[in-house]
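From just these sequences and the hints, can you work out the full model?
Line by line, the protein sequences are chains W and X.
Numbered per numbering that gives the first Met the number 0, the first sequence finishes at 286, counting up by one with no gaps.
Numbered per numbering that gives the first Met the number 0, the second sequence finishes at 331, counting up by one with no gaps.
Keep in mind the hints are simulated off the structure, nothing from the lab.
Take the hints with a grain of salt, since some may be wrong.
The calculated lysine-lysine pairs, modelled on DSS-like cross-linking and capped at a C-alpha distance of 30 angstroms, are [to be verified]:
id: 1; chain 1: W; residue 1: Lys62; chain 2: X; residue 2: Lys129
id: 2; chain 1: W; residue 1: Lys3; chain 2: W; residue 2: Lys16
id: 3; chain 1: X; residue 1: Lys129; chain 2: W; residue 2: Lys16
Ranges between beta-carbon positions, derived for each pair [as the list claims (entries may be wrong)]:
id: 4; chain 1: W; residue 1: Thr46; chain 2: X; residue 2: Ala99; range: 48 to 54 angstroms
id: 5; chain 1: X; residue 1: Pro80; chain 2: W; residue 2: Arg137; range: 33 to 39 angstroms
id: 6; chain 1: X; residue 1: Leu320; chain 2: W; residue 2: Gln52; range: 38 to 44 angstroms
id: 7; chain 1: W; residue 1: Ala173; chain 2: X; residue 2: Ile237; range: 54 to 60 angstroms
id: 8; chain 1: W; residue 1: Leu82; chain 2: X; residue 2: Thr179; range: 40 to 46 angstroms
id: 9; chain 1: X; residue 1: Thr179; chain 2: W; residue 2: Ile264; range: 28 to 34 angstroms
id: 10; chain 1: W; residue 1: Arg274; chain 2: X; residue 2: Leu218; range: 33 to 39 angstroms
Every residue, glycine too, gets a C-beta built ideally from N, C-alpha and C.
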Amino acid sequence: MMRKRWRRRHMIEAFFKGLMAVSFLVVAGGLGAILWTILVKGLPALTWDMITQVPQGGFYLGKGGGVLNAILGSLYLAGGGTLLALIFSLPIALYLETYLGDSDWGRYVRLSLDVLWGIPTIVYGVFGFIIMLAIGLRASLLAGIVVLSLVELPIMVRAMDEVIRRMPVDLEQAALALGSTKLEVAMRVVTRQMLPGMITAILLAFGRGIGDAASVLFTAGYTDRIPTSLLQPTASLPLAVFFQLGTPYPVVQQRGYASALILTIIVLIISIGSRLISARLNKYTVK
Amino acid sequence: MNRQIQFDVNQVNIKTEGRLSRPSVVARNRQNRLARRTFFVVTLLPMILIAAITLMLIVRSWPILSAFSPRDLFLGSTWRPDRGLFGFWPYITGTFWVTAVGVLLAVPPCLLTALYLSEYSQSFTRSIAKPILDLLAAIPPVVYGVWGLIAIVPFVEDVLAPLSRRWLNFIPIFAVNQPTGFSIVAGGIVLAVMIAPLIISVVYEILRTVPNDLRHASLALGATQWQTIRQVVIPRVIPGMVAAIVLAASRALGETMAVLMVVGNVARVPQSIFDAAYPLPALIANNYGDMMSIPLYDAALLCAALILLVVILVFNILSTLVLQRMLGKNWT
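Now the structure itself:
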């Protein structure tokens, strides 16, 4: 009797352990399946022209050209958005740590950031579009950058916040004991200590910014030219993928797959790069 | 307070000017105060932004909210903007079904994976799991959409739908009524993969808050690991798991591009998970920006955004409050 129960328990144990391992493999397999599909479908159409040329006449009917306009447009948009988000994120992250800490206000601000993070990007896009109409701005690089910075802000602040909160308290207290003001602690101790984390946060936000289509759909517009000023509309890679797949021509759809592959490669480089960089720089911080 | 001392230090600094270009204590304190105020104002931005977005959507969708009764608007199932009929019911049900299928598909494997990572796996497995989840989370929505279009839609069309037609056709929600794979299931599968990293990492964090002593005590009493998980670990983390799932559901609700590309976008109340659907974000993305000539259309689309926003705000705030409480200092 005892033995039987013992065996049953261990069979259940083995069963669930197996089930969990399978689940893990399914999730990991999901990633593999996505990358594999994009690679297999995108690679044949990924030519040198795709990444070095802007669309020629009749591009969307299958004639020559590439998506350089979208690649550069996306880099401009995400780069500008990240820069603008950084300008606002750093003070918020520092203020959260040095002045608010774990107080109730700190919790409210963090809550509001999490809520912002959860707001769908399409709502940001709509919000941006209404503001643009109100101030008479047309779909442009500038409008896209501003909306993307709103999308990226909560991600960046929360990522920085996480790093700052893992910092040893002693360091800050030592600086305060030596007579530093809180501002000096923030600028000279905290910012240096969080540098690796800050780079991770920036790259994380950049990665999200470059991949987002819904927020730039109404705000950045779409054009075949590379923008030369902030007030011109600009193409972006996610929208390029979307529009190319929307055409009925197989050749153009192929290019859509290739564009998706380009976007995936950029995002993967950013994601892996941020790991390497932060691992590298983490040597120089006080644990 | 110590004005005298500050004054003295100032004097010293004036004398040594040129040799030591350090700012005086007064100046440093002034800088500190100035920075504190500036930082404070910037820190208010997130809250102001939430309020601004909500208010603006309410104000701009007011024309339609006041022109129709909530019953007609939210439960009406005819969407003909050209005739002045705005019924959101097909879109609301579409959103609900796609999200529900996505969450239901994602939850079991994600919870098991989180349990596996936290309770069983070696540190080596964990060290490869983290980058995998990060990469999954980093892939842009539109790439998920492309994947759905290439892999999932044909899979539904050629494999799932025939299977269901053969074995499950008598159950209404599994009935196959249309020939293509552009369906709620396809959208749900894509969503499930998209929200998986979020569920796994949040649940994993919560599982780490259960003290190891409890596990050891249970194991020492002769329980197997699974018994320990079921009777000691899981009861302590149920609220957190629910919160994680609600959080993931709110992400899924607002997902636009990936779903839009695979779900078919037919504005009818779906009867079966193999029907096409038209979720609210897709409605906005497809129509906003070029609806200028039809009266109230603009307000109707902003009302769609408002519905989405309100549901997501409620989901988000509730789940975040629970997670804040459960994770305590680890909540970041």
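Hint check results:
1. Lys62(W) <-> Lys129(X): violated, 43 angstroms
2. Lys3(W) <-> Lys16(W): holds, 20 angstroms
3. Lys129(X) <-> Lys16(W): holds, 20 angstroms
4. Thr46(W) <-> Ala99(X): 48 to 54 angstroms: violated, 42 angstroms
5. Pro80(X) <-> Arg137(W): 33 to 39 angstroms: violated, 25 angstroms
6. Leu320(X) <-> Gln52(W): 38 to 44 angstroms: violated, 52 angstroms
7. Ala173(W) <-> Ile237(X): 54 to 60 angstroms: violated, 42 angstroms
8. Leu82(W) <-> Thr179(X): 40 to 46 angstroms: For Thr179(X) against Leu82(W), whose Cβ atoms are near 43 angstroms apart, the range 40 to 46 angstroms holds.
9. Thr179(X) <-> Ile264(W): 28 to 34 angstroms: For Thr179(X) and Ile264(W) the Cβ distance comes to about 31 angstroms; the hint holds.
10. Arg274(W) <-> Leu218(X): 33 to 39 angstroms: At roughly 34 angstroms between Cβ atoms, Leu218(X) and Arg274(W) fall inside 33 to 39 angstroms, so the hint holds.
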